[in-house]
Amino acid sequence: MPENKLAFVLQLADNALILGHRISEWCGHGPILEQDIALTNIALDHLGQARSLFQYAADLYNALPKESQKEFISSPLLQQQSTAATEDSLAYLRDSWDFRNVLLTEQPNQDWAFTIARSFYYDHYAVLFYSELSKSTDLRLAAIAEKSLKEVQYHQRWSSEWVIRLGDGTTESKQKMQTAIEELWPYTGELFATSDAEKAVAQQLHILPLEQLKTVWEENTTAVLNEATLTTQDSKAWMQSGGKEGRHSEHLGYILAEMQYMQRAYPNMEW
Amino acid sequence: MNNEWPLWEIFIRSKTGLDHKHVGSLHAADAQMAIQNARDVYTRRMEGVSIWAVESQYIHASNPDDAATLYDPANDKVYRHPTFYDLPDELQHM
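Line order of the protein sequences matches chains A and B.
Just so you know, the first sequence maps onto residues 18 to 288 in our numbering.
Just so you know, the second sequence maps onto residues 266 to 359 in our numbering.
Please keep in mind that the hints were generated in silico from the structure rather than gathered at the bench.
Heads up, some of the hints might be wrong.
Unchecked claim - Cross-link-like lysine to any residue pairs, in silico, SDA-like; alpha carbons within 25 Å at most:
no., chain 1, residue 1, chain 2, residue 2
1, B, K280, A, E168
2, A, K167, B, A296
3, B, K286, A, L50
4, A, K167, B, F276
5, A, K164, B, A339
6, A, K167, B, W317
7, B, K286, A, N58
8, A, K167, B, Q297
9, A, K191, B, A294
10, A, K167, B, S315
11, A, K167, B, T281
12, B, K286, A, Y171
Kindly generate the complete structure, drawing on both the sequences and the hints.
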């Protein structure tokens, strides 16, 4: 079913958009100049990935019959548009229930440790996932994945190095890093939770479904946490979910209010 | 009281085969972070393919006040330059 593939692509696009936006909130506020630049570079990488994915999503969406479109995305403002959907209309005119990003990406920055931990968990997933996606039979997705893979490999290195330095650092840094690792842990399960629709798409694309990447992800993150002398978490713990189905935390509302304000207040504005 | 991380000087080579050029400095806690920071700060616009990082304290420089004694004597010693050969016209890049 074409809706399944659209859902799949939108998930990826929304992850990149929301996480990119969260990281961009650090712009100008980094603790040190070099890290401020690093963070904004990383945010731009995520937003670049979001753009490519949203362009594809817009094409898939526009190919759906009108009735299916309304059922798939019910945000009123998007449905009121008379022109075809674009990367911008998908990003800026949907309301929170139509977003499919995982809950991990919308968690607030809080402090440096939380920002690093969030990226740490996500980046290891992204490297595994994009490696897998670059083998897909959908050539457009494979191309996006191959380009993104180089970016997320750097992100993975960057966030892992920080986890190690903060974990194996001072008493204060270790305590803060441990807190961040523990509090964000319940959001990691959703990265690998695979619905039947997602399994169907994975089969269609000839790639491994997400749940099969989970073991490798656990090994990789555990290795870094061990080197950082931090305590690893219980992989059987209860996990948060709902983001992929459009059930989001309060945070997304605030994110969208800030992110979408200009487009909604000044429709079709351009730089 | 210095709370800052050590200062590092960064050298970038833009293409394989050329030399590393000094592009600036940055603060980092250790060598690996220095290289990562240099990648983030100094190669954003594809300025280079290779990074060298040296802690600033290990770079020793000549004193500008000594410039006269160190460099002026070389100014009028023509015989140090290989300019007294007759080169055939076909040789282009000597």
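Here's how the hints hold up against the structure:
1. B:K280 to A:E168: With a Cα-Cα distance of about 21 Å, the restraint between B:K280 and A:E168 holds, given a limit of 25 Å.
2. A:K167 to B:A296: Holds, because 22 Å separates the two Cα atoms, which is no more than 25 Å.
3. B:K286 to A:L50: Between B:K286 and A:L50 the Cα gap is close to 22 Å, so the pair holds against 25 Å.
4. A:K167 to B:F276: holds (23 Å)
5. A:K164 to B:A339: violated (53 Å)
6. A:K167 to B:W317: Roughly 22 Å between the alpha carbons, so the hint for A:K167 and B:W317 holds.
7. B:K286 to A:N58: Between B:K286 and A:N58 the Cα gap is close to 23 Å, so the pair holds against 25 Å.
8. A:K167 to B:Q297: holds (19 Å)
9. A:K191 to B:A294: Given pair A:K191, B:A294 holds - Cα atoms ~17 Å apart, limit 25 Å.
10. A:K167 to B:S315: Holds - the C-alpha atoms of B:S315 and A:K167 are around 17 Å apart, at most 25 Å.
11. A:K167 to B:T281: Answer holds: A:K167 to B:T281 is near 21 Å, not above 25 Å.
12. B:K286 to A:Y171: holds (24 Å)
Hint check: a violation occurs at hint 5 only; the rest are consistent with the structure.
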